[in-house]
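K.L.:
Take a look at the letters that make up each chain.
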Amino acid sequence: MKPRTRRDFVRDSLKLFTLGLTAPQFLLKTVRGESLASLIGSNKILVVIQLSGGNDGVNTIIPYGDGAYYDARPTTGIGIPDTTVLKIDSKLGFHPGLVKLKELYDQKKVAIINGAGYPNQSRSHFRGMEIWHTADPVNVAKNGWLGKFFDLTAAQASNPLKGINYGDQLPKAFNCDHCSIPAISNLNNYQVVTDSRFPADRTAKLQTIEAINSEIPVDKPFAGLLHSAATDALYSSEALKTVTQNYQTTVQYPNTGLANGLKFISQVINANFGTKVFYISTGGYDTHATQGGTTGAHNTLHTNFANAVEAFHRDLVEHGKSADVLMMVFSEFGRRVRANGSNGTDHGAAGPMFLIGDAVRGGLYEDYPSLTDLDSNKDLKMRVDFRSIYAEVLEKWLDADSKAILGAAYSFENFL
Amino acid sequence: MRNIQRLALCFAWVSVLAINPLVLTPGFGATEADVSFAALDPQLENNWDLTKASHLLRRTSFGATRSEIQESLSKGFQATVTDLLTFKDTSELEAALLAQNYVLTGERPNFGDLQRWWLYRMQYSPNPFQEKLTLFWHNHFATAYSKVRDIPALQNQNKLFRRNALGNFRTMLVEVSKDPAMILWLDNNTNRKGRPNENYARELMELFTMGIGNYSEQDVKEAARAFTGWQTNNGQFIFNSREHDNDPKTFLGRTGNFNGEDIIDIILEQPVTARFVARKFWVFFGYENPDPALIDSLAEAFRNSSYDIAVLVRAMLSSSEFYSERAFLAQVKNPVELVIGTLRMLGARSDHRDLTGPLTRMGMSLFNPPDVSGWDGNAAWINTSTLMERYNFVNRLVTNRNAASTSSYFDLNAGLSSLASLTHVGFADYFLDLLAPLAVPSAMRIMILNYMSPPPAAVANLQESAQPQSGNTLDGTTLLSLRKGLMKTRPSPIPTVTPVPLSPSMIDQKGRGALYLIMTLPSYQLN
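From first to last, the protein sequence lines stand for chains A and B.
This note's numbering numbers the first residue of the first sequence as 10 and each following residue consecutively.
This note's numbering numbers the first residue of the second sequence as 460 and each following residue consecutively.
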């Protein structure tokens, strides 16, 4: 399929301006002399996939070539036999459940960042996840790293769908001063519902709401916010209704929550609303007990994850969008090297991150953390600060000022 | 115009005029009792009107019902404030909670039931201000179920806030420091001699009393030592002397073998404490970014009363600034103000089971604030998703026609049954007055009326452009023309509106629709 050009994108997006944006707002924000292109931004899209609970990195990218692995994790317990490991090289391999991810890796579309973490890593789900969302391991920050991105970027500023969280709970990553990111789990919930007894009356009601909120100023501190949220809600919910209608694919997505969410994201990408960041979470990774090895709970998580991601990628390829989309996968912490007494693992520290997409320079980044030279809690020492990965995504993929967002400069791994 | 229609029109206007304070409120001479009022503004008593009364009652309650407003106007400003601060006996409420099964039963009580227990109180307590103050303290000492996971402990904490709502702040601080839910929340069980955990000491100073910049990190460490051994056991506070650090501490310039209560006393000696708390009150009940001079005067009254919360609250509600133009509609209704306020004003009933999910999706899960700093409020309540949740709650309420359902229900027809026939103007004005008196710009009122009974020219345009162009799939181009069509059909507001009679079926469609639209108005979403 012929790759879409920047001109194609700009032409399509002109419909978006007059449709998806609130026209009065957009006109107010347009600065004389600012180019149209800079207001649209690039067509690059980030999809953040959060693995909630603390994914066991040691049984994700497995250091099967290191004897210390089998010392700590005998195959009678949660250790993965080297005959089943999907080998990358003589030292490392994927967990067998990640077959579909290995396929993408072999196409050079997966960058594996070993040992991502931060100093004095928190082992609390709540605080740990908050740190990844705010990119601040020291202070309890108010705004998220993606929220700051939206606050600082002119691209798509007036677009009510510039970012979308798939799921009811908006992650703190999207907290911001000026942006407003919808949390959508169910298109049926994300709409203005009117009296089902009188469907023909719906348009008159929506028209009245729109008129009230766009034509009548109210001089009160939060009236403007209510007005813009109302019109944004109307336009974004009406626009999203069309998302499934024109969409066709040959790809069979697995029937899992993550796959359904990624399919929704693919549909929205195809609708060309200009969304720059999607966020989706999938849980169950807090494997304190009966984690399993080649089979079992963790294997199921891996299989579901890989199958969903691979289907999503194939769908993007089919629709000519795969060059535009970068996935970033993380978890709030890795887990401990040794299993606990319940054949599971407890909260640890550093763990792997994945970057997945056509634009990625596939391969391994950073040495695997040492299984024997551990931190004071006997957990894996980190190899790279996760903010380096954020910084590279912000600068190279989202055209953003990573120093302004993260508060400091970080060196890149060069996976892009 | 038929007489019955005249009557219907009059109904709407008389209900507004009948509460005109010039007609009803007697003059009020200053008496000895007035001396206890801080910053008393005699102008308020003499100018007590619908706008001020409904504003005060909205801020100190959940919605302001017509009868509450009328009562306030007839007794006047001073008596209203005094009565707000005087809590009536709640034994009937407690009995009703039991009778209606709003209790936490069994070994594993349900979190939703805990939330419903409080929602019932908010709706039916004879002291809604007491519930509002409890909400203030819950937000101030924000403690969340997501970590505490102990439902009886959270309920007891809620009762602590209610008990001390207008009591003494020192007492509140000491009780909170010994509260099992708080101890669990801020990890004080692991605050031990030799290995202190600073979490409680830090939040006590940062969030509950003084604010950042008024103490050092060393003060936090020393205060933590003073709170060592303050633990829970079997749901009760115990002072574990073995774990308590009995050595001298230096805190905010004072040295001694301090325990937690001493730390609290030293904190209360700092001038900043009264200002911090007064400011929290003003931001919650008044508006954001208050003038420091205003806060200073409230703080002085608070401090001079040895931290009597009732004195602070009375000073706040007695200040003319509380009734200023700046204060009116200066807030966004928080989700419980919107939901419970709507139920109260419409006289709706509910078993509250249908409300806990929507309230959470609106951003306010009672007993489960997002973190220890509570809910930010105002702008934080509004994004596209939460606003649609708010609208959809209103829609469910106005379209629930099933009197047998236990979900939130109000009887539209009962309220209107005294009127043989009703006009669209009468209907709209009645509910505008009931729900947002004197708050709705006339252009918005006209739009509601035009929705109910479209002026003839607009109707044809509406029908034509509401249909998508046939044959096209609904892509961006078609949506664009849909939107343009919608913009074109908006009729320009017409200055005078001829009342149109509403048949029962039109009440069911356009009446319920108008009521829905009124409650989506910015004026209604604001407080």
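If you're looking for bench data, these hints aren't it; they were derived computationally from the structure.
Check the hints yourself; a few may be wrong.
Stated by the list, open to error - Heads up, incomplete: computed chain A residues facing chain B, CB under 8 Å, no partners named:
(1) E112
(2) D115
(3) F135
(4) D177
(5) R206
(6) T217
(7) K229
Don't be surprised by glycine CBs; every beta carbon is placed ideally from N, CA and C.
K.L.:
Going through the earlier hints one by one, which of them does the structure break, listed in rising order?
P.N.:
Hints 1 and 2 contradicted; others consistent.
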